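*Asks:* Here is what each chain is made of, one letter per residue.
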Amino acid sequence: MNNAVGEVQTILLLGGTSDIGTAIVARAVQPYTRTVVLACRDTAKGEHSAAALRRDGLTVEVVAFDGADTAGHQALIDGVATRHGDIDLAVVAFAALGDPDITRQDAQAAAALTQVDFVGAVSSIVAVGNRLREQGHGSIVVLSSVAGERVRAANPAYGASKAGLDGFCQGYGDWLAEQGARMLVVRPGFVHSAMTDGMKPAPFATTPDKVAEVTVKALRGRRRTVWAPPVLQLVFSALRHLPGPVWRRLPLS
Amino acid sequence: MAEMLELPDQELAAALAAANQRGVLARGLGRCYGDAAQNAGGLVLRLQGAVDQALIDPVAATATVPAGVSIDELLHHIVPRGWFVPVTAGTRLITVGGAVGSDIHGKNHHVDGSFGNHVVSLRLMLADGSVVTVAPDRDPELFWATIGGMGLTGIVLAVTFRLLPIETSRMSVDTRRMPDLDSLLAEMSSGDDAVRYSVAWVDMLARGRSLGRGVLDRGEHASLAQLSEAQAAAPLAYRARQLVSVPPVIPPSGLLNHLTVAAFNEFWFRKTPTHSTGHLKSIPGFFHPLDMVGDWNRLYGANGFLQYQFVVPFGAEQTLRAVIERVATSGAASFLAVLKRCGAGNLAPLSFPTPGWTLTLDIPARAGGVVELLHELDRMVLDAGGRHYLAKDATTTPEAIRRGYPRLAEWQAVQARVDPGGRWQSDLARRLRLTVSTAGTSASAGANRGGLS
Numbered sequence: 012m013n014n015a016v017g018e019v020q021t022i023l024l025l026g027g028t029s030d031i032g033t034a035i036v037a038r039a040v041q042p043y044t045r046t047v048v049l050a051c052r053d054t055a056k057g058e059h060s061a062a063a064l065r066r067d068g069l070t071v072e073v074v075a076f077d078g079a080d081t082a083g084h085q086a087l088i089d090g091v092a093t094r095h096g097d098i099d100l101a102v103v104a105f106a107a108l109g110d111p112d113i114t115r116q117d118a119q120a121a122a123a124l125t126q127v128d129f130v131g132a133v134s135s136i137v138a139v140g141n142r143l144r145e146q147g148h149g150s151i152v153v154l155s156s157v158a159g160e161r162v163r164a165a166n167p168a169y170g171a172s173k174a175g176l177d178g179f180c181q182g183y184g185d186w187l188a189e190q191g192a193r194m195l196v197v198r199p200g201f202v203h204s205a206m207t208d209g210m211k212p213a214p215f216a217t218t219p220d221k222v223a224e225v226t227v228k229a230l231r232g233r234r235r236t237v238w239a240p241p242v243l244q245l246v247f248s249a250l251r252h253l254p255g256p257v258w259r260r261l262p263l264s
Numbered sequence: 049m050a051e052m053l054e055l056p057d058q059e060l061a062a063a064l065a066a067a068n069q070r071g072v073l074a075r076g077l078g079r080c081y082g083d084a085a086q087n088a089g090g091l092v093l094r095l096q097g098a099v100d101q102a103l104i105d106p107v108a109a110t111a112t113v114p115a116g117v118s119i120d121e122l123l124h125h126i127v128p129r130g131w132f133v134p135v136t137a138g139t140r141l142i143t144v145g146g147a148v149g150s151d152i153h154g155k156n157h158h159v160d161g162s163f164g165n166h167v168v169s170l171r172l173m174l175a176d177g178s179v180v181t182v183a184p185d186r187d188p189e190l191f192w193a194t195i196g197g198m199g200l201t202g203i204v205l206a207v208t209f210r211l212l213p214i215e216t217s218r219m220s221v222d223t224r225r226m227p228d229l230d231s232l233l234a235e236m237s238s239g240d241d242a243v244r245y246s247v248a249w250v251d252m253l254a255r256g257r258s259l260g261r262g263v264l265d266r267g268e269h270a271s272l273a274q275l276s277e278a279q280a281a282a283p284l285a286y287r288a289r290q291l292v293s294v295p296p297v298i299p300p301s302g303l304l305n306h307l308t309v310a311a312f313n314e315f316w317f318r319k320t321p322t323h324s325t326g327h328l329k330s331i332p333g334f335f336h337p338l339d340m341v342g343d344w345n346r347l348y349g350a351n352g353f354l355q356y357q358f359v360v361p362f363g364a365e366q367t368l369r370a371v372i373e374r375v376a377t378s379g380a381a382s383f384l385a386v387l388k389r390c391g392a393g394n395l396a397p398l399s400f401p402t403p404g405w406t407l408t409l410d411i412p413a414r415a416g417g418v419v420e421l422l423h424e425l426d427r428m429v430l431d432a433g434g435r436h437y438l439a440k441d442a443t444t445t446p447e448a449i450r451r452g453y454p455r456l457a458e459w460q461a462v463q464a465r466v467d468p469g470g471r472w473q474s475d476l477a478r479r480l481r482l483t484v485s486t487a488g489t490s491a492s493a494g495a496n497r498g499g500l501s
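Each protein sequence line maps, in turn, to chains Z and X. Residue numbers 12 to 264, in the working numbering, belong to the letters of the first sequence in order. Residue numbers 49 to 501, in the working numbering, belong to the letters of the second sequence in order.
Treat each hint with caution, since some may be false.
These stretches of chain Z come out as covered by chain X in the derived footprint (C-beta under 8 Å, 3 or more residues) [as the list claims (entries may be wrong)]:
#	stretch
1	15–21
2	34–46
3	145–152
Rather than coming from a laboratory, the hints here were simulated on the basis of the structure. Keep in mind that this is a model prediction, so the values were computed, not measured. Virtual Cβ for every residue (Gly too), placed ideally from N, Cα, C.
Start from the sequences and build out the full structure, keeping to the hints where you can.
*Replies:* Next up, the structure:
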C-alpha cells in the first residue's frame, strides 16, 4: 500500500537483472519501502542485483521468471502478492536485443525474440494488471523504446516488438486507469548498458540511472508516457515524419 | 478505487456476504486525514440512520444513537435539550461510529479521557453478519478492541454513551498569549487540571527566542448566571453554521505558503490579548472553528496536505521542542499546530492518547523533502516513547506502529478471533499490517504473524 507521500511498500521488477530496471528500483526504493522482488531468468545474476539493493528493513527476494513462458506468468504474480501483499509498483523491464544478423534471417530466432519482447511482455503486463485491478491501486512501469517509434533496418524484430508493446500499453494503460491502476510507458533512447555493450552509441545516448531519474520523477506526476532523455520526444516528432529516403540515410548508428 | 454503498442496517449483512476478497470497511463521514476510511479494490459501507432515532435517557444521562449519525446532527438535537457530548474532536463532521472507531479525544482529555471512556455499550455487526452487544462487562476484550479499533472488528451499528448535562450553550473562555514554548508548557502543566477544556495553538514558524510561542485557550461550559439577560432568554440556543466557503478556484500549489502562513500566524498571535478571562463563545466557535470555513482544505491546493499527530510522554519536552524546531526550520508551512496535554489512557489496546503532550501539525504533502522530514520526525517521536494517531496517519510504517503500540498483538488476537477470514479490511490496515490477515508472510512482518488457520 502506498502512503500519502507516494512512497511504495512493495516493488516487483520483471527483468531483475536489467540495468535500467534495477536502476529504476534503486531510485524508487524509499525509507518506507519494505519489499523488492526481482524476477529474472538467471537467478544467480539476480542475486548480484539483490545484494546491491539490500539494506536494513528491506527484504529483497529473487524469483525465477521466464518472459517467454507465458503460461506461468499469472501464477508468478499471484504468488508475489500472496507472499508480500499489495504490489504498489511493478516494473516490466525484460527484453532481449537479439542479434539482428540472425533475427533478420532465421525465422525461428525472429519468432523467439518477439515471443519474449512482445508476447511475453504483454502477457506479464496483463497478469500484473489483473492484480492491480483487484487491489484497486498500483502502478506499472513498462520500458518501451524509441526503437519502436520508427522501426529501423538495424533491428526490425526488436523494434517491431517494442512498437507493438508500446501500442498495447497505450490502449491497455488507458483502460487500466479507469480501474484505479496506473501505467507509465518509458521510451528510452540509446542507453549505455550490458544490453548495448560494444555497440556504437546513437545520438542523445543516456545511462540507466538517467532513465531511472526520469521515470521516478514521472511517477510522482500524472503523465502516462515519458521519454528519456526528454528531448527525444521533440527529436522523434520530427524523425517520425521524415520521408523514407531521408530516414534511411540517417546515421543513427 | 473502491465500491461505496450507503445502506440501511438490515441490508448490511447481505452486502457483507456478497463482497469480494478485498473485504469490507464501514466508514463514517470519511474525515480521517489518512487512509483509515479507504479500502482500495473492496467495499466501503456508509451507514444510514437518522438523529431522530436517537434515544435519550435523562435519568441515566445517556444517549443511544445510530452509528451513522454525525456529531453535528447530534448536537443540534441534544444541546437545546440541555445535553452535550462527552468528547468532541476539532470537527463535528464525524459520525458517532467514527468517534468509537478512532476513539476520538478532545480538549477535555486531561480530565475526561477519550470517547471510549464514556461508552456504555455498543451494537456491533460481526464478520458473519451476526449482531452482538458488547460493553465493558460484556465481552470486554471485544469491546475495548472496537474502541479505537479503526472499524476492523465489525460494523458499529449503535452506540450508547454518557452525556454531559449543560445549563447553557455558551462557553466561558480564558485566553492567554504565551511568548515561548517553556512558558506555554509551564502554564499548561500548572493550570490545565483546574479546567475542563484546554488547548494551545502553536506558531510553527516562530524561531529563536519565540520558538513554540502560542495562544492557550481554556474553557468551561458557562452557567446560566454568566449569561447576559438577552442570552439568558434562550440559554440553550444552538446554531452551527458555515460563515464562508473556499471556492474551488485555487492554484494547485494552494494559497498557503511560507509567506501567507507566517502573516496569518503573526496576525493570530498579535490579535490575542495577553490575557482575557470569562469571554463568552458559542460551542462551534470554541470547539469547531475550522468548520465555520466550508471546504477549508482547498486552501492547501489540489496537492493536499498531511496531518501529523503524535503524543510523547511527560518528561519528553526536549523531543517536543526538537520536533517544533525541526519543522520550523524545514520551511514546510504548517497552518495549524495544536498542542494538548493528554491525561490517562483507557483500556483499549489501540487507543491513541497516553499521558503526555500531543502535537498536531499540517504539512503540505508535496513540499520538498517531506519524506525525509516525516521519517525523521517518526524516529524522534518513537525514540522518546511516543506514538502516532492512527486516525490521522498517512505516512508511517508497520514497524513504527509496532513500537508505538506495544499492545498491538493483544488487539490482533481479539481481531482474529472475531474475523478469522479477514473480512474487515482498509488501506490503513494493509499499509500498516494491522490485522493478522494483512500481516502477510513477509519476513519482516513475521514477528506479528498470528495463528490464522
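*Asks:* Going through the earlier hints one by one, which of them does the structure break, listed in rising order?
*Replies:* Violated hints: none; all satisfied.
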